[in-house]
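Undergrad: Chains as they are written, first to last, in the numbering used here: chain R, 789 to 1074; chain D, 789 to 1074; chain F, 789 to 1074.
Keep in mind that a hint or two might mislead.
[Unchecked claim] Partial pick of chain R residues on the chain F-facing surface, computed with a CB cut under 10 Å: (1) G907; (2) L934; (3) R946; (4) G948; (5) P991.
[Unchecked claim] Derived, one-sided and incomplete: chain D residues facing chain R with beta-carbon distance under 7 Å: (6) Q814; (7) G909; (8) R926; (9) G927; (10) E931; (11) M933; (12) G986; (13) P991; (14) H993; (15) L995.
If you're looking for bench data, these hints aren't it; they were derived computationally from the structure. All residues carry an ideal CB built from backbone N, CA and C; glycine is no exception.
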Amino acid sequence: MGRQVSGTRSSEVTVNAQQRLGALEQDPEVRVVVFNSAVPDFFLAHYDIAAAPSRSATSTAPTGLSAWLDVLARIAEGPFVSIAKIRGRARGAGSEFALACDMRFASREHAVLSQPEIGLGLVAGGAPTHRLPFLTGRGRALEIMLTGQDYDADLAERYGYVNRSVPDAALDGFVADMAVRIASFDKAALTEVKAFVGEVSLPAHDLQACTSRAFWASAARPAGSGSTPHRNRAWAGPATSRCTWGSTCPVSTTRPGRDGHRPPTTSTPRHRFHRTAAHQHPKELP
Amino acid sequence: MGRQVSGTRSSEVTVNAQQRLGALEQDPEVRVVVFNSAVPDFFLAHYDIAAAPSRSATSTAPTGLSAWLDVLARIAEGPFVSIAKIRGRARGAGSEFALACDMRFASREHAVLSQPEIGLGLVAGGAPTHRLPFLTGRGRALEIMLTGQDYDADLAERYGYVNRSVPDAALDGFVADMAVRIASFDKAALTEVKAFVGEVSLPAHDLQACTSRAFWASAARPAGSGSTPHRNRAWAGPATSRCTWGSTCPVSTTRPGRDGHRPPTTSTPRHRFHRTAAHQHPKELP
Amino acid sequence: MGRQVSGTRSSEVTVNAQQRLGALEQDPEVRVVVFNSAVPDFFLAHYDIAAAPSRSATSTAPTGLSAWLDVLARIAEGPFVSIAKIRGRARGAGSEFALACDMRFASREHAVLSQPEIGLGLVAGGAPTHRLPFLTGRGRALEIMLTGQDYDADLAERYGYVNRSVPDAALDGFVADMAVRIASFDKAALTEVKAFVGEVSLPAHDLQACTSRAFWASAARPAGSGSTPHRNRAWAGPATSRCTWGSTCPVSTTRPGRDGHRPPTTSTPRHRFHRTAAHQHPKELP
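All chains, full assembly: derive it from the sequences and hints.
TA: So this is what it looks like as structure tokens:
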């Protein structure tokens, strides 16, 4: 029953995600959805500014939020348990997606999380500013958002950015066992428990909407007065010298040829939806 | 000045607790109350559904909440410092009780905490869904509530479920030193500090009341469509094959003879109230 | 561009801080301010009750809060990133100051944090009761506030009291690298991100104002019925037998000659403001 959604551009991921979420929300058998990455090195690496649905797309989203925030809110509030299995890089939108999930488990050896937008003069638009404090506390949320630096799995666990850092060899089994266990429970009870926890730990939609507006406003203005290698270093991160935004990276648009900024050479990351219903074992897709 | 409340059924514990709390609330000398367990293996293991006061009992509770939530709210908001010393199992209502205390210290070797209600298709009714996020953050609160699995003391500390995991041999001294220290301080200042912290970290009473209603509603409905060994495994937990709910366990009522579900063979857990006034050393009761 | 503010009495620190904050708030180049201590053993050790501006000084503060709360709120909400580098003792007002900063990094070997006010029957007046739960969670915030005990850097990190404990030899470089990195980013984006995080993690001003009123009320009343060595032990802390409040210590005023309570023999702690603008390396002042 595992299903896969992939897109070579984030707008496709967003649209596919919205369509897929509608199906997941209405399927009475779906109790758990595990999100992982089809490309080993990436969880979900970027949000495609150029191809993103315009802000007018907002009107059609069930939550009334813009397309990306709608996806995140429905992951966070939907009638199923959402688990992010993070094996590669979860930066920017990838981190935002993971933060919207109910739980996050990260490969000790391979996971990298960050919100690097600040390095480009951008305000992250998927409300990580409003989700991180409920996970890491205020001080560590500010550190993550204001430095834009990378966090490996062990530090992410110490900070509460992920639930737990798990040795890579054990990660699949760990998450599968948890998904199967949860999928054996009563869906009504799972949904009520999730809603109750959300009453004291989810940011209001109107606060989230502000982050999206701030993101577009920051993308439209010149990226600040400072321009140093740190800006790009923050973006590319210590684990790679490649920008993970590809052809849609705002830096490449506004500052072509800048040092340390090259389009990625690997294939575009794809994103996989993986649902677990009662009595089913999660299937790993090839 | 140590006093003991014990009951062979949870309804007695609840009624005794309500009576006892009235005395504690009005005693100008009581600064600290340490809660521990009289039976080595248990902190407080269960809430007695069959014998529990009916929902109509609500009207007489000072907080206006139902009996069990009234006990928990008065522990959390009362004019004394409440410390849970957790040496054995604190599952279900035992965990809820510990979560209502101001602080929690757990035996590294022997403590086990969990909210296993979800494994029976139940929604926990003592508002752990609303208390855990203020201790562990949203992601770990969801994990604890949605998996129903056991947490040992060290993992509970990493998650913030308890303040600290303490080696068993040092636990009594550690808690006693802290209780004596706090009991030497000014009661008015202690009460004001506790109230100030509560202003930003206690769930509203009306949110708590919803969890009690959801608990009774979930106990009344068939326990969901799925019925696998995981359901019982979640309940009994890895540390024991015995159900800790005894004769009032909803599983034994609705599914007699189910594998892995047997009534407990040890005596019913008892609960001990232990108060520490100024200048007094905590006394361990036999 | 490093600048220093020092005062031999806290009232001077407060007034200087308010003046300095006005300049920092209006300087379009200031992105990061690092606060550390000019005296090795202290971060900021005390608040000077005797010399403190009267409550009527409130009317002139931009936030409408009393002088000390005004300083703290402007650190927490100002258009610059504030980092506390904690190498020595940050007790009482020093801890309150650190808690108001966006991030806190502590010397593993030398940092000590605490809110020891409770040991004197005082309610801390700089709203640590309302800030700590957003960093450490409710249970650990209550422990810190109700025990008044000292926390070294490693335990402070485990509790979330500081972002991270850093080996002393690496602390200066760690904080400098972070400050330079952040200072290379766009100021508008930094400010918006800080504001967004604050929307879900800063206590309301009116709640903060209550703590100041409770502090003055607690300072005016007799310090409770209990009077034991623990009271002073809590204040002086395990790392020193000297009271860190000096001549203005309420204990020395109300209980002269009490055992274990002696005026400090070192010079009065001074406090240093250290700002980092874009492209500037933080300078360590002699």
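Undergrad: Against the structure, test the hints numbered earlier, and report the numbers of the ones violated in rising order.
TA: Violated hints (numbers, rising): 6, 12 and 14; every other hint is consistent with the structure.
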